[in-house]
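Peer 1: Residues per chain, in single letters:
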Amino acid sequence: MTLLLLAILVALLLGFALLRVLRADAWSPDSPASPFVDAHPKFIAEAVFSSRDWTFIQQELSPPLNSLFLLERRALAVHWLRDCLAGIRAVRANHLRQSRHSRDLSVLAEAKLLLLFSYLSALCRCLLFTVQFVHPAAPRAVALYVQNLAANILPPTQSPMVFSRVPVTEVSRERL
Amino acid sequence: MPEAQATATAVLVDYDARKAYDDLWRRSLSKISGDLNRLVYLAAMRDYNSGRYHHAGLESSFGFAAAGQALEVAHREVFWKLAQASLEQLVNELELYVRNSGESPEELLATWRGLQPYRIALPLSIDPLAAHLLLSNLKLGLEVLHSRRHPSPPHP
Numbered sequence: 001m002t003l004l005l006l007a008i009l010v011a012l013l014l015g016f017a018l019l020r021v022l023r024a025d026a027w028s029p030d031s032p033a034s035p036f037v038d039a040h041p042k043f044i045a046e047a048v049f050s051s052r053d054w055t056f057i058q059q060e061l062s063p064p065l066n067s068l069f070l071l072e073r074r075a076l077a078v079h080w081l082r083d084c085l086a087g088i089r090a091v092r093a094n095h096l097r098q099s100r101h102s103r104d105l106s107v108l109a110e111a112k113l114l115l116l117f118s119y120l121s122a123l124c125r126c127l128l129f130t131v132q133f134v135h136p137a138a139p140r141a142v143a144l145y146v147q148n149l150a151a152n153i154l155p156p157t158q159s160p161m162v163f164s165r166v167p168v169t170e171v172s173r174e175r176l
Numbered sequence: 001m002p003e004a005q006a007t008a009t010a011v012l013v014d015y016d017a018r019k020a021y022d023d024l025w026r027r028s029l030s031k032i033s034g035d036l037n038r039l040v041y042l043a044a045m046r047d048y049n050s051g052r053y054h055h056a057g058l059e060s061s062f063g064f065a066a067a068g069q070a071l072e073v074a075h076r077e078v079f080w081k082l083a084q085a086s087l088e089q090l091v092n093e094l095e096l097y098v099r100n101s102g103e104s105p106e107e108l109l110a111t112w113r114g115l116q117p118y119r120i121a122l123p124l125s126i127d128p129l130a131a132h133l134l135l136s137n138l139k140l141g142l143e144v145l146h147s148r149r150h151p152s153p154p155h156p
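Note that the protein sequences, when read in sequence, are chains A and B. Take the first sequence: its position 167, counted from the start at 1, is 167 in this note's numbering, and no numbers get skipped. Take the second sequence: its position 9, counted from the start at 1, is 9 in this note's numbering, and no numbers get skipped.
These are calculated hints, taken from the structure and not from any lab test. There could be a bad hint or two in this list.
Simulated crosslink set (SDA-like; lysine to any residue; CA at most 20 Å straight-line) [claimed, not checked]: (1) Lys139(B) x Phe117(A); (2) Lys139(B) x Glu110(A); (3) Lys139(B) x Leu108(A); (4) Lys31(B) x Gly51(B); (5) Lys42(A) x His146(B); (6) Lys81(B) x Thr111(B); (7) Lys139(B) x Arg100(A); (8) Lys139(B) x Leu71(A); (9) Lys42(A) x Thr111(B); (10) Lys139(B) x Phe129(A); (11) Lys81(B) x Phe43(A); (12) Lys139(B) x Arg52(A); (13) Lys112(A) x His55(B); (14) Lys139(B) x Gln59(A); (15) Lys139(B) x Ser51(A); (16) Lys139(B) x Leu149(A); (17) Lys139(B) x Leu85(A); (18) Lys139(B) x Val78(A); (19) Lys112(A) x Leu129(B); (20) Lys42(A) x Lys81(B); (21) Lys139(B) x Ile126(B); (22) Lys139(B) x Leu68(A); (23) Lys42(A) x Gly34(B).
Below, a sample of chain B positions facing chain A; criterion: calculated Cβ distance under 10 Å [said to hold, decoys possible]: (24) Gly34; (25) Asn37; (26) Val40; (27) Ala43; (28) Arg46; (29) Val91.
The beta-carbon is built from N, C-alpha and C at its ideal position, and this holds for glycine as well.
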């Protein structure tokens with residue numbers, strides 16, 4: 001377990017270093033709407049990996065409830081992480097598709113992007129493994145870090161209230 | 001009527017739909033206590049087969065399309081509010097729902113735990129992860145209410 005935590009720490013440090021380099025280039029993806037962002041309103045990661053609900057469940061003093069909570073949260077965490085991976089793959093594939101038609105490709109920028117995509121995917125896989133064995137709230141910081149990292153490289157999301165069937169111009173989340 | 005006013009920021013392009021939406025909040029939704037009650041009410045306005053929303057009063061005043069849009073927007077809005085609620089808040093919502101239902105709490109809890117009718121109370125085409133989160137929290141909330149009524153025996 002200690003080794004695993006150490007590995008995560010090293011990965012995080014590498015990630016921060018990589019991010020500092022990448023921010024200098026301020027890459028913006030060509031994809032207009034990423035499935036990753038649409039599928040991940042920020043509150044979901046906060047809720048899935050939060051210890052707030054766990055504290056509430058523990059106050060009920062019921063071991064079966066505790067077990068059910070851990071089971072449910074693990075399933076949610078796995079769902080979130082699998083969606084993350086799928087989103088990263090989709091953005092990467094889209095970028096590769098666009099790159100084929102580009103005439104002013106920078107090898108260095110492409111290499112940095114490849115590293116970033118690989119780093120994000122590795123973090124997600126690492127978390128997928130971790131949540132099977134530790135409390136779902138334990139890797140919260142890393143999960144939120146993954147979300148923030150992804151938000152840095154992906155286009156801004158539309159509100160989850162906006163949907164296609166009904167024409168909505170703007171939806172405030174204030175009351176939500 | 002703070003909720004209806006705040007909801008007015010959800011700007012529908014269609015003028016009639018916006019008016020229908022305001023009317024829906026003013027006349028119906030603001031009089032329903034609890035978002036879970038509102039969610040179930042709005043889901044009941046939706047046809048099981050077509051997925052279209054129907055509300056006789058709104059349709060006669062604003063037309064089918066506007067009424068449908070207003071109901072769908074309100075349904076989504078209530079869903080997102082519940083999806084963001086903490087487990088504790090959701091348990092309070094469930095308690096309120098049980099109290100307002102007029103049914104025996106034992107029967108209602110048994111039905112909801114067994115049949116999980118709340119699954120069909122969600123709007124169509126929503127983010128599957130958000131739906132998963134809310135359904136999971138509702139399941140946990142029901143177990144919390146059940147365990148409060150039937151506490152498990154203490155460990156020897």
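Peer 1: Is lysine 139(B) within 20 Å of leucine 149(A), Cα to Cα?
Peer 2: violated, 32 Å
Peer 1: Quick one, are lysine 42(A) and threonine 111(B) close enough, alpha carbons at most 20 Å?
Peer 2: violated, 33 Å
Peer 1: Given the proposed pairing of lysine 139(B) with leucine 108(A), does the C-alpha separation stay at or below 20 Å?
Peer 2: violated, 50 Å
Peer 1: If you draw a straight line from the CA of lysine 139(B) to the CA of serine 51(A), is it 20 Å or shorter?
Peer 2: holds, 18 Å
Peer 1: Could you grab the alpha-carbon distance between lysine 81(B) and threonine 111(B) and see if it respects the 20 Å cut-off?
Peer 2: Answer violated: lysine 81(B) to threonine 111(B) is near 24 Å, above 20 Å.
Peer 1: Per the CB criterion, is valine 40(B) less than 10 Å away from chain A?
Peer 2: At about 19 Å, which exceeds the 10 Å cut-off, the nearest Cβ of chain A leaves the hint on valine 40(B) violated.
Peer 1: Does lysine 139(B) pair with phenylalanine 129(A) here, judged by a C-alpha cut-off of 20 Å?
Peer 2: violated, 25 Å
Peer 1: Should the interface hint for glycine 34(B) be scored as holding, given a Cβ-Cβ cut-off of 10 Å against chain A?
Peer 2: This hint is violated: glycine 34(B) lies away from chain A, its Cβ roughly 15 Å from the closest one there, beyond 10 Å.
Peer 1: Tell me if the straight-line CA distance from lysine 139(B) to valine 78(A) falls inside 20 Å.
Peer 2: Measuring from Cα to Cα gives roughly 18 Å; hence the hint holds.
Peer 1: With the threshold set at 20 Å, check whether the alpha-carbon distance from lysine 139(B) to leucine 68(A) stays at or below it.
Peer 2: holds, 9 Å
Peer 1: Starting from lysine 112(A), check that the Cα of leucine 129(B) is at most 20 Å away, please.
Peer 2: violated, 30 Å
Peer 1: Would the hint linking lysine 139(B) and leucine 85(A) be met if the CA-CA limit is 20 Å?
Peer 2: violated, 27 Å
Violated hints, listed in ascending order, are 1, 2, 3, 4, 5, 6, 7, 9, 10, 13, 16, 17, 19, 23, 24, 25, 26, 27, 28; each of the other numbered hints is respected by the structure.
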